[in-house]
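*Asks:* Those protein sequences? They're chains C and R, same order as listed.
Counting with this note's numbering, you get residues 1 to 416 for the letters of the first sequence.
Counting with this note's numbering, you get residues 1 to 121 for the letters of the second sequence.
One should not assume that every hint holds.
[Stated by the list, open to error] In silico EDC-like cross-links for lysine to aspartate or glutamate, where the CA-CA straight-line distance does not exceed 20 Å: (1) C:384 with C:366; (2) C:57 with R:44; (3) R:79 with C:202; (4) R:77 with C:366; (5) R:79 with C:201.
The hints are simulated quantities; they were obtained by calculation from the structure and are not laboratory data.
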Amino acid sequence: MKKIDLIIIGGGPAGLSAAIKAREEGIQDILVVERNKILGGILNQCIHNGFGLHVFKEELTGPEYAHKLIERAKELQIPFLLETMVLDITPQKQVKLLSTNGVETIEARAIILAMGCRERPRGAINIPGDRPSGIFSAGTAQELVNMRGLKIGKTAVIVGSGDIGLIMARRLTLEGMDVKAVVELMPFSGGLRRNIAQCLDDFNIPLHLSHTVTKIVGKERLESIIIAAVDENRNPIPETERLIECDTLLFSVGLIPESELAKAAGVALDKRTNGAIVDNNLQTTVEGIFSCGNTLHVHDLVDDVTFEAYEAAVSAKKYLQNNTKSPTTVNVPVVVSGGVRYAVPQNITDISQELKLKFRVGAIYEGANVNVFFDNEQVYSKTKKILTPGEMEIVTLSADIIAKLQNVKEIRIDVK
Amino acid sequence: MTIRQEFICIACPIGCSLIATKEGGNISVAGNRCRIGIQYAIKEMTDPRRVLTTSVRVYNGGNYKMMSVKTAEDIPKDKMLPCLKEIKKLDLQGCYNVGDILIEDVLCTGVNVVATRGVVL
Ligand SMILES: Cc1cc2nc3c(=O)[nH]c(=O)nc-3n(C[C@H](O)[C@H](O)[C@H](O)COP(=O)(O)OP(=O)(O)OC[C@H]3O[C@@H](n4cnc5c(N)ncnc54)[C@H](O)[C@@H]3O)c2cc1C
């Protein structure tokens, strides 16, 4: 069986950034595997600007950000396979590939998972009514419009006011469609302020908060939908129902990490993130398999994806250099409390380095305290002007603080 | 004459509701919690600008491919739709690289329209 030191699965920003860093760190034998015809992942369809301020110190569009990574990867002569899909990974790190050449299995000494995420399908939120054409997930619509140049309809309503929904509202308007409304179940938008101002307000597109779609009407093609306000338990209030005529309905109702391969490899998953459980080297519960980017947990900013992928690459290098565990090894779980919905990494094993603890809250908090405890001792405290579910937060604990973890039973991160 | 406009500040997720009032040459801003809010409201009232992005067809070896493009800098907000019309008029063929200029000084804004993704045969 063919053997390779490091196989990276996925050629999006996470996979490319990991490959670049791994090569810069001196790993020679690398292979990037991408199922699409081109590298760059989801960035290729994100033609709007707002990427790269932290990594490249300039505001780029998605394709430009991808281009910079691809150019660097080519400069470093990193080998990659396109139109090749990873079908399976075993706990022994045998990677099964499918391409036009057929099926091949390669054994890797280390693997970095970078498969991104997928969109939550419409079925997941169950709306009664007909099943006509004209209903898309927002990401699919984005690909059809931006990459294939197709016209998807004349009048649209978008369900979900996260960034993807907002960006598609502007995009469809610019393509000549009449976007009648964005409908959001929650009393707040999960999207950035900037996107609400520049994607909706600029074009006078109304945002209906605390609303849902109660019915879909249309025989062959979508003809109309019925929306209604919801009460505090998110149940529709019948008296508020009203009809909106539209031939297109977009669903932008969340992203889920792509975790099938991790599961196949025997990697334990976190129920809250739907991604792998990792330690602070971004190593999963299977030795030598690392995870980063949207396959680990959903990121809002591609810059954070790149930085996380760099970490995974440095860890993979350390792993490839010495398979033995270092004396600084512990096993301390990270638990969440108060308003914290999840935190990554879920386990601390290496106390020789600083820790970047990434977390998200479940609701909006103004003037809240973010606290970190080692058992009962408070080691970090900061008051934040605002925390929202739409924005990932990062708490950095210095190596000096982490060194104190030797005899600690758990780390707790709390928002109050 | 007094002009009054309302904005939601985009500087941070708090999203203060700003009210900008213009009287003669003076603009006063209310509703902000920090200085950035004042600057944002004044800019939005006097010279709002946006970067415009879209994608265009390129005829390339018998079929067409989509190429993403942008205005290399921000343009006045009210020029967005007119500039979009100019971009849609483009009739492109062949190969392009990231950064290639497709329209120079689009509608006298002083800003070029450039490719953000390459197209090869
Ligand atoms: C619509 C949208 C708008 C966004 N807007 C912004 C923004 O304005 N600013 C910003 O900073 N960020 C933005 N983001 C976030 C950012 O783009 C993502 O966080 C980032 O692209 C995730 O990178 P990734 O490499 O983890 O995943 P992806 O980009 O999804 O890459 C994963 C790659 O893995 C490949 N793959 C998956 N499974 C397999 C397999 N089995 N075998 C082989 N290959 C496989 C896929 O084909 C894909 O190419 C946006 C995201 C979306 C979806």
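*Asks:* Run every hint past the structure and note whether it holds.
*Replies:* Taking the hints in turn, this is what the structure says about them:
Among the hinted pairs, residue 384 of chain C with residue 366 of chain C is consistent with the structure: their alpha-carbon atoms are about 7 Å apart, no more than 20 Å. Taking the CA atoms of residue 57 of chain C and residue 44 of chain R, the gap is near 24 Å; set against the 20 Å cutoff, the hint is violated. Simply put, residue 79 of chain R and residue 202 of chain C have alpha-carbon atoms about 12 Å apart, close enough for the 20 Å limit, and the pair holds. A C-alpha spacing of about 32 Å is found between residue 77 of chain R and residue 366 of chain C, which places the hinted pair above 20 Å, so the restraint is violated.
Note on residue 79 of chain R and residue 201 of chain C: the hinted pairing holds, with a Cα-Cα distance of about 16 Å set against a maximum of 20 Å.
Checked against the numbered hints above, the structure violates hints 2 and 4; every other hint is satisfied.
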